[in-house]
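The primary structure of each chain is shown beneath.
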Amino acid sequence: MTMPQTRRRFLQSGSAIVALPAMESLGFRRFASAAAKAPAAPPKRVIFLGFGWGVTETTWFPRMDQPGAAYDLPEGLKPLARHKADFTVVQGLWNKFSNEGHWGSTMWLTGANRYAQAGQSFHNTISADQVAAAQFGRHTRFASLQFTASESAGGSGHGPGLSLAWDVRGKPIGGQSTPLEAYHRLFSKDATPIEEQQARLAEKRSVLDTVLDNARDLRRGLGKQDVDKLDEYFEGIRDIETRLSKDEQWLGVPQSKTSLPEPKPGLAGRDEIKLMYDIMTAALQTDATRVLTYRQPVSTLLTSLDIKVHPHDMSHYHGVLGEKLDASQRRDTAQSELLAGFIDNLKATKEPDGTSLFDHVTLVYGSNLRTSHNLDNCPTIVTGRGAGIRLGENFVAPKGTPLCNLWLTLLRGMGVEAERHGDSTGTISELTV
Amino acid sequence: MMNHRIPKMILFAATLLLAAAVAAQADESRVAVSERQRAFLQSHCAKCHDATTQEGKFRVDDLPLHLADLPTAERWQKILNALNSGEMPPADEKQPPAQAKADFLDELANVMVAARKSLGDQRGVITMRRLNRREYRNTLRELLGVEINVSELPADVGTGGFDTVGSNLFMSGNQFEQYLALGREALDEAFARQAAAAEQPKLRFEAEETLVRIQKFYDDNLDALERAKRWVKALDAAAAKPENAAIVAEIRKTAKDDSFFRRDWKKIPGAPAPEEFGFQTVENNADKANRALGYANGFMRPYHEYYLRQAALDAGAYLTIGIGNDLNSHLPQLVPFGWPVGEYVVRIRLAATDHAPPERRFIEFGVHPRHGQVLSTHEVTGTMNAPQVIEIPLTMTRGHAERDNRTLFLREKGSSDHYTRTRVIFDQAKRQNGIGPEVAIWVDWIEVERRPTTDRPPAPGLAALGVPLDDKAPLPMKAELRATLERFAFEAFRGRTPPASYLDRLLGLYATRLKAGDKPTAALKETLAVVLASPMFLYLAEPVESATHRPLTDEELATRLSYFLWGAPPDAQLRDLARRGELKRPEVLAAETERLLNDPRSVGFTRPFVSQWLDLDRLDFFEINRVLYPRFDDATKMAARDEVYEMFEHLLRSKDSLGDLLQADYVVVNGVLANYYGLADVHGDAFRKVPLPQKSPRGGLLGMAAVHVMGGNGERTSPVERGAWVLRKLLNDPPPPAPANVPQITRLAGKLLTTRERLSAHQEEPQCNSCHRKIDPIGFGLENFDAAGAWRTEDRYQVTDADGKPDPKLVKTWKIDSAATLHNGPSFRDYFEMREIIASKSDDFARGFSSALIEYALGRPCGFSDEPLVAAMLERAAKQNGRMREYIHALVGSPTFQSK
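Those protein sequences? They're chains A and B, same order as listed.
Counting in the working numbering, the first sequence runs from 31 upward without gaps.
Counting in the working numbering, the second sequence runs from 148 upward without gaps.
Just chain B, with the same shape it has in the complex (with noise of 0.2 Å):
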């Protein structure tokens, strides 16, 4: 954040130089250097590199100003460089005023940005790819209705672009061999649960038996603590007898206090042994009784006694906060081992108690109590009078095999994120009350439940095998162990039929697997891992005969549309269309892309797309720090992710327009983030349309916390991410990559300074100042968020010194402002007004938008050349207020869509 830009390093040259394939003349695709920009090199450059002293081998005065060719761009890179890097014009030069010399950057930085895009554009071309990681994982699940975990495929995110470009998307034999396997591991998950359809195993955990063992505890302890006393009783007597005074004055001298007196009993002659009142341990008997003694004060021992005051126990149980003597912090519940895989339902009833306040009335579920990921968070709205039944789906798959990944647990949200959290939570509550956190969450019982699958048909891979999947029947003969591989690989390859010589192999694979003495179905699994590795079900090709551009087919459409609106292929009646040469009418085409998107399998593209289009993954960047955000727990993280990706699903579903990613008067949220963000009477798990006060700084992505808190560390928020995070994905104006190694500096740290102070500093040279004064101004008007995305007016910076601890002397606090003028634009008095800046801009949001669209949906970098496509779908969304919809329409039943 606090960086000079000191730029060394070619950014671009090298990629420029390397792009000589792709020649780029198009008109559409000019790129040039403005003509008074030729003023600036005029005068500062061309003394020394004109024809005649040509300094370094480099001349200006004959530079053409656009950059139509690689060699001319890599000149002008040259000259970036150069300045950026202060090398020339030389010191002992006169130097360019500092206004002139960041304009100059500002204009060529773009330049070069624009000029990469427009040599490097595809002009069209897509490159076949392989499924990434989730299309493999939605495939295999949509053939043979099995959940695998595949993450130890390679992620294809993070190499820059969509996970959907397939000339990112690499193969290798090391990968080859996960894709076998992963075959296989999905083929016995598939017939493992088809073998055990029609169970429908059950149990209830009736939560008040918790009471036995926590009352037992109670008793155990209280118990202890009488022998303690009478065993003291008895040493004490000892003691005190006249003949003792001697030896007890003695020992007296060196202990500390009673209990090390009492730890010498041995030496009192007629003193009583521990052992005799039922303490024994390994070394010093009497240690054990003193810790007995600790009980009668003990830190715990009110929280113990008031949780067995409260109502209701002999019915159910409370969620306590767990740090040691644990009581019921996570009600864990083990999902019987011998229990098959297959889709279960988790059903509690519980309820809030009277007392419990609003910001605790949520419970977290998930799988492996020590270190376990929570798989979803519940609000709770039953009463201790009419307790409610949340009903939570769950998957158990062959990879839930060990006793931690088959229990369950159940636990206060945010009780149990980090264990030095749960003791704060306890502390704070105990300073108040004396006791402890008190009970909020009452649970009756906990029901565990397998879905027979009987009523529903077979996944279509399994559908297609069509013959028996155990080792009871008799072998198959050839012939029909032939239909059978034919009629699954027609089904793994998408509709496509293998060719003879392909079967032949297959069958001679599972002869051979028989041979060497492999059951049957085992010899057939084996058989089918290979289909689920071969070329034709991983990538999707679609073949050219010469030119480059040609109509797909209607296979290719569906398959196209399928894996761009769910990830996944295309269904039955998808196939089916295509196969009778249907799908190609526009009316039938537009009809299907509505019913994808109505889908729930939608989400295999709103989620992958939003995340990778607005750059998600930064959430998981920095840890928030929970010392200065405690309400930033891990759910409401969890809810902050998935408030994107619901708006974007309610702009799907709804008439809204996409402009109200930008402003709106109303949110997408849940009873967790209501509850973040203080709006009341908002309740339940399901996201839903609120709408929001006056003057609310929520609605849309600029209120939502998870883009504050990606723009920022955890701890402090950056002006400059959040800037150019804006100019990025909300404005279409990226400013050019920062130059890398940049020195940090360390002038300002340890100085009393505001953000807006120390990013003062970006104004001294001119090679910062051409970028940042684009991009901090807009950062400064989203400073009333803080770290975690709450509203705040005020901030402040504390020192710290060498080792880290606070100054208490060195703090500045100070209020926000947040009025700041844009870069050659309006200026703005606060956060609302620069808001209603960025809104009036939604056509620059609709045009990236678009763009990421079609490059999402169709595996290559957006161009020059789709231009016009961009067009057509601002067009059409526009005539409909922005309907995301139409967006998408108009790109699916664009030539382009529909092409090669």
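Here chain A stands alone, though its shape is the one from the complex (with noise of 0.2 Å):
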């Protein structure tokens, strides 16, 4: 591969994807307050919530021998009970390539193989979310948002990564890490001067063009594999790049509104996680994205619950049981009175055109991990109506099916152009309504 000549064409090809983004949303916007006319169908949305460690499997799964509508809601799910009909638990799902006991979010929307390149022991891909940001992120300031926990992701079980979402070459993407960044990202005013703006932007290409002059010259004599691994710098750098000119072009527009107030700092565990779906709510709302994924914190949690229990000692209550695995069904019991605060939460935001959020929007809630150091049958529930899944089931897909089978079922249903997904085999055709 030999450098485009100017960094400037070299994007062009790039950013022709991103022209005129703002024109559908914003018009879109306009109708709103206008309440004119009918406006357009209200877009597609995708959320993913990741908890890493597991969960309890004897209180948490439905019982398998109950498929279908009429199950029993298991102990874990009771604070769902009243979003019953508006759920799906999906069971038997896998990615068959996951052999790390510790990893719950690393591979779990990728569905990688980690040992895919020789020589190398750490390979990673794409993630659903980032599917659907390619698309979906043409219309809106943010491509996408990633959330993510304070702390260190390792006491939570969520494995290597920044947060749940790998970009298109398979490199973490950060985000995020409390509510008071996500706010700010979202909904602070920028009250430079657009001439200000402007500079600022030129600046920032400028430092690119001095980098992207050194890189050249390191470039030059490098073998191959060498050229391969510098090219990673070239691509990240094409990544603000492609950042900058979507920048460029939501100049002048301004910042989505809320009522939701500025978050107090400091929040930790079960707090920060309800604060956090408040505020991926007012995005949506606001439609600054339509991509969303959150990669919560469990040792905060368990602190905030008043638990005791080292967060990795809890995923190992099976020996011991007691107070590890009251920790642990304890956890599942917030974690789920949160997620349903949370579908009340899109229930009951309105679109414009009379609908709600909920009927737009996939949320998909679950772990790489099952229990312990367990990889097959990752928890998984799905809600909401923005990709035709039939909910208010427990849905028990043959053994061995693909995670990726659903993450693949999901995109396209939502009207992602995704011909197949990490090592998926297929749709979950008997999961679509």
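Just so you know, the hints here were simulated from the structure itself, not pulled from any lab data.
This one's a predicted model, so the numbers in the text were calculated from it and none came from an experiment.
Listed below are the simulated DSBU-like cross-link pairs for lysine-lysine, each with C-alpha atoms no more than 35 Å apart in a straight line: (1) B:Lys959 <-> B:Lys876; (2) B:Lys577 <-> A:Lys338; (3) A:Lys254 <-> B:Lys731; (4) A:Lys429 <-> A:Lys74; (5) B:Lys414 <-> B:Lys388; (6) B:Lys662 <-> A:Lys276; (7) A:Lys276 <-> B:Lys666; (8) B:Lys956 <-> A:Lys338; (9) B:Lys666 <-> A:Lys219; (10) B:Lys921 <-> A:Lys429; (11) A:Lys108 <-> B:Lys898; (12) A:Lys304 <-> A:Lys219; (13) A:Lys429 <-> B:Lys194; (14) A:Lys338 <-> B:Lys876; (15) A:Lys254 <-> B:Lys264; (16) A:Lys304 <-> A:Lys429; (17) B:Lys264 <-> A:Lys429; (18) B:Lys662 <-> A:Lys234; (19) B:Lys241 <-> B:Lys194; (20) B:Lys619 <-> A:Lys234; (21) B:Lys625 <-> B:Lys662; (22) B:Lys241 <-> B:Lys898; (23) A:Lys219 <-> A:Lys74; (24) B:Lys666 <-> A:Lys234; (25) A:Lys219 <-> B:Lys662; (26) B:Lys376 <-> B:Lys577; (27) A:Lys338 <-> B:Lys898; (28) A:Lys429 <-> B:Lys204; (29) B:Lys898 <-> A:Lys429; (30) B:Lys842 <-> B:Lys802; (31) B:Lys194 <-> B:Lys264.
Assemble the dimeric complex from its two separately framed chains, guided by the hints.
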């Protein structure tokens, strides 16, 4: 590969995709406020919530021998009873390549084989949310937003990564790690005059030009494998370029407004998750983004529930039961309560056409870890009507069905043109309405 | 631990599938299933899977034994999976004998591991890499003389392999922005340090100053008690009046006790108000008076009085155990706001009290009393007659901005690991003496002083700037500025000259910043930060023209050597030798290797290497249960981890043999660990070589607490983890990775069984036994070490009920039997005999160590093609009694190390 002559030209091919992005959603909002005509159909949105260290298998999963709508809600899902007709538990799925019993999130949305490249002990591929973002993200200020917990991921059973999201090259994508950061990212007003913002963008570009100059010089004479390695740097810079182009297109478009007050700093655990859910609702409501992921805290959740058990120890409750099992079950209940509240929010938030956010969103809640170090039958709940999935069921897929078949089913259900995803072998047609 | 291994997952097939790009035909990498296994396939599989039947479209009759390519390897993997899962032979067919099946699985699993290595062999190709997180931090330190918190960057570990393996080190746009921000931070820090170079503020805090507060606290309690008593007396007098008898009787009827009675004082005519006696609360003022009365026989009063009775309170203070009503549990000391960043020294004059037991003669030092990590532990050897002064270095950065992280603390070791533990310590002492923990440490004063740096040359990056680092000087001319940027970039790029176009762009950025209103230094820092995010700084590049291998240039060799042995860039001397073309001369290279290893910066090699080689991060996987193991406190854990490093560093310094890691008649410990191991007469904070008594279980890795803690879950030992670790790390015979998706068996939960009885379940199924027969016996031989690494002769198991409460009726205690027989190997009667057996395999150990060293140093997996290098390292070291430096010299001197 030879470098394009100028960075600008290099970029043009990329930015052509994001050209004229704002019109559709801006137009939509104008209609909405005027309420003059019937507005266009509200857009599709997608949310992935990952909770690291699995669940309590005996009290979280519905019975496998009760498939369909007439199943008994297990203890761990009781807080979701009021939504029972509106979510589906999908059982029997897994990522067949996953082999790390401490990685609840690393490959959850990717289904990648970490050994896929010879001589490398770590490799990942694009996550399902980013596949959606490539299409949905053209219309919003943020192609996607990644929220994550402020603690180190290690304590919460997520595994390597900066969030649930991995980019098209399988590199981790970072995000906002506190409700306050998330809030500011979404709703802070930028009072800077446009000329100054333009100057700032130009300066950022010249910073990139400078390091690219250096990179090109370094590139000279490198072997093939090293060139590939350095290309990661070029691609990283290109990502920023793409973002700058998008910023440029959004110059002068005011930030979304929200009635949500600014969060207090220092929230942790249950309150933190609840607030993140509120912010996510607001983000969708204002159409600031249509793709959200949240890598939820587990260790601080336990602390906020006044549980003293170490989160990793908790996931090993099988041998000792007692307070570790109790911690595991209380964690399940707390997480289900929070999810139930989030679903309430989505149902209560109206779209301009009178439907609710819930009618257009696809929300997935789960982890790559079932319980302890087990990686099969990944706990998975799907809710929201955005992807045309049958809701209200205990759906038991044939054992060994790739989790990526579900991701593909959801992506296609939302209208994302994806041929396959990860190790998918097809869609799960029985799941669609 | 108690797992039935019933694998369902294809573990390697996918690896092999996608490793297709790499072909391996070389003879040295020949991986084959042995001829005798063909009979197994013939008798148990061929009936259905031959040329004619081809059940499931799978044939075994034409399967080559040599796994020369991926398709063949995949077919063998299918056989392994089918047998492992019990899928084949089908249940209604004749089953192979258990022993034969276990042997077959054992061999095949190991062949698959070898095949993965062989088919994935990089054949010496090293992928260019960026600086990993710790190298980036070290490089900024060498360049700018600053310490930067890099925890926001990816850790670069945890993906398997070492953090030097370039193909695993990634880059993203996000990370680029973090480099920009961290570079800015480093420059801010460096400029701030430079500006304060001459400052030398100093303070001394006399510990007796705390007495005023403690005395007042005690006096206030007594005063309140006296006032409360007077109030009660007056109240009782009013209540005793005959005309109040009826109302008093009425109150008494409902009041549970006297204090409830007194809460109703208002109903008694003539009773005085508590306010008149100085008790002012928002609600019922009687409550405060009642509480004051409680001090008469209060829980803490004896402890307070005990403290105030101590000698030498006019000259110092004692450390206390703090459970509320804190006296001196932390001795907090604020480093004043406004004191600049830089290197500080903290001096503490202190002594152990005469009656302090040996295990309490230690202090912990750190920053941030509430949440701060302990930075260091120190043994107190001074006495009340002859106190000592401990000196502790401390770095203050711009990150130390808030009160909490500018506050130093000093406390007794293990006294504040967790509040529940503190409570236990206090209560135990109180039960014994009716007072509380006796004081053990007396502190005279604490001094904090900044060390000026005017006598030292500025860090090379700053020296290269050659312009004033403040805004008072006139703006530099463009040519001057250009030269400044060039010198800085040259230094940052480890001796590479940046191209002119790059410098032009940097100048443009500087001009833009000035135009935007930046002060000159701010604009300069902003520009330099871009240099620190440029690829020539971030990447260790070694260009090649066409062929994959070529000798390194001298400059490249200097860089490779210093990042290997320091984890940091080459210094002036090394670069100078390289520039003069002398570095490649064997005697020069050997001398430089010696110099680098003797330099304190070599901890940038020893610690990350040892930690990753021996998987020490497992030490942080579990919390030690402090109810079961009260002595293994945080400071002991820190010392246990350090012991592994210090032993390795001892071997690197001395002429002792690498084999001493398997067995030695000495340990390398400090006072904390000597106390934990029960070794007399070892005092102080420095780790040093200490001879062991005869028949000591210590000495070598197998005697280290850290190793045994890693082989357990903080409560119970795991013979499986320990056995597998010994096979992987000491015997260079790693068991195949455990298949995932293993259901935990609950069949044995709640049963009263010994550990060995429990693990005997592994023998039931051949697919478990094929690996566990190698792993478990080694673990049994280590059972005399408990989960906190202390020696024991008994173990017990107690069943817990559904609520997690131990059931006192269901307890089993047994004497530990550490005798076992190694698979296809000798028997041993106890740990000591097993240690002899393992120590006799020092060649296997040295081979594993050499492979790890190669992978770490070169940043690529050690493959079959490295066999000659491994052999050369072993040979050279063997001539020098296995001295560790010889391995390093052999590696550094090899063509492999000196080639791209």
